[in-house]
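**Student:** With chain A held as given, fit chain B onto it using these hints.
If you read the sequences in order, they're chains A and B. Under the working numbering, residues 1 to 202 are what the first sequence spells out, in order. Under the working numbering, residues 1 to 202 are what the second sequence spells out, in order.
Since the hints were made in silico from the structure, they are not lab data. Hints should not be assumed to be uniformly reliable.
Copies of the same chain look alike in the list, so a pair counts if it fits in one copy or across any two.
Below, a list of computed lysine-lysine pairs in the DSS-like style, where the Cα atoms sit at most 25 Å apart [said to hold, decoys possible]: (1) Lys187 <-> Lys30; (2) Lys156 <-> Lys198; (3) Lys187 <-> Lys198; (4) Lys111 <-> Lys156; (5) Lys111 <-> Lys198; (6) Lys111 <-> Lys21; (7) Lys195 <-> Lys21.
Keep in mind the model is a prediction, meaning the values are calculated, not measured.
2 protein chains.
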Amino acid sequence: MDDITERHNAKMKKIKAARDKMMETKTEEKGLIMVHTGPGKGKSSSGFGMIMRCISHGIPCAVVQFIKGNWDTGEKTFLRDRFPDECRFFVSGEGFTWETQDRDRDIMAAKKGWEIAKEQILDDEVDFVLLDEINIALRYDYLDIDEVVDFLLHQKPRMTHVVLTGRNAKPELIEAADLVTEMSLVKHPFKDGVKAQKGVEF
Amino acid sequence: MDDITERHNAKMKKIKAARDKMMETKTEEKGLIMVHTGPGKGKSSSGFGMIMRCISHGIPCAVVQFIKGNWDTGEKTFLRDRFPDECRFFVSGEGFTWETQDRDRDIMAAKKGWEIAKEQILDDEVDFVLLDEINIALRYDYLDIDEVVDFLLHQKPRMTHVVLTGRNAKPELIEAADLVTEMSLVKHPFKDGVKAQKGVEF
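Chain A on its own, in the form it takes in the complex (with noise of 0.2 Å):
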């Protein structure tokens, strides 16, 4: 064994030491509340990334769309076709709002949403709840964020995860959060002239 490979062993048995006895204490279970926000990309895709995961654990679990309502989004595709029994896929919303340019029936969308959110989430048979792009119908006050974040604080089952997708997620939906991911735009080839293209945007 040279130098480098002995030097290297070493470290990574310190670093397997520390991390086994860290691992060693995280012994609760229990369901988050998980947000997936900023301008990059990734937030409703890890989250489709997470319902596959579900899926092949078993995990019963439940999508609703917020806002990207009549595309015709490859995991809408997918999920609908292919996994109706696993997963259970609601839509609610008509596209961005700046397609519809209807407030109201953007806020009554929104508020349907929600409703169908909160039935999934009490639904005993379901664990894990994706609300995708909800963040938008908090953004525009088209919901109100005191009440969703009451909701998941003191009426979420103990064991039911909850994943909120979408830009500017307000501070108090963080605030309440276990797990809050950024999701930062270091490059995008939007600024090239490239077009949102299938497989990778929707």
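**Tutor:** Only chain B this time, still in chain A's reference frame:
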């Protein structure tokens, strides 16, 4: 219509016009080099969310997992069991490097993974390739960053998308990429003693 609604609708109309104009300039389609990095969650799971979109759109895809080799991840079981034709799944590596504590074996596994990765990227029948956790192998110099970047820039077929995940992406890779997202950790429940849970972390 009340004042606030009228103002809102006018504002949304203006945003839509600006957006439509902007989108008109986005006409190019090309295979992208995409990087998901940073200490936050969602780097791998958003890659798998994109794989879900690809399968749904009929885009043939492949995954090479560099580091999480011996974990029974939900995504591995899901794709291997249910979509063996739609998504090729390769594993190279035997767990995080602090688990194996054997640098030579890690290097061999990484190099084998990279050979598979190149084959898949060059394959005419594959249009989307996810190189999961390759950044870890690059960070420890198990793979040569110059060789990887050179291959991506000069040998990758023009229309093939490649996603590279893992924290601590090398500056050379960020420079070469079309789209880079940094996942930042705003809050993490590990700090409060909550352990990694099915569906969420794997």
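**Student:** Determine for every hint whether it applies to the structure shown.
**Tutor:** Structure-based check of each hint:
1. Lys187 <-> Lys30: So lysine 187 and lysine 30 pass the 25 Å test across copies only (16 Å; inside, 35 Å).
2. Lys156 <-> Lys198: Close across copies (19 Å), not inside one copy (35 Å); limit 25 Å.
3. Lys187 <-> Lys198: within (19 Å within a copy, 32 Å between copies)
4. Lys111 <-> Lys156: within (18 Å within a copy, 46 Å between copies)
5. Lys111 <-> Lys198: Neither. Shortest intra-copy (30 Å) and inter-copy (31 Å) distances fail the 25 Å Cα cut-off.
6. Lys111 <-> Lys21: Neither way: lysine 111 and lysine 21 sit 46 Å apart in one copy and 31 Å across, limit 25 Å.
7. Lys195 <-> Lys21: Close across copies (13 Å), not inside one copy (47 Å); limit 25 Å.
Checked against the numbered hints listed earlier, the structure breaks hints 5, 6; every other hint is satisfied.
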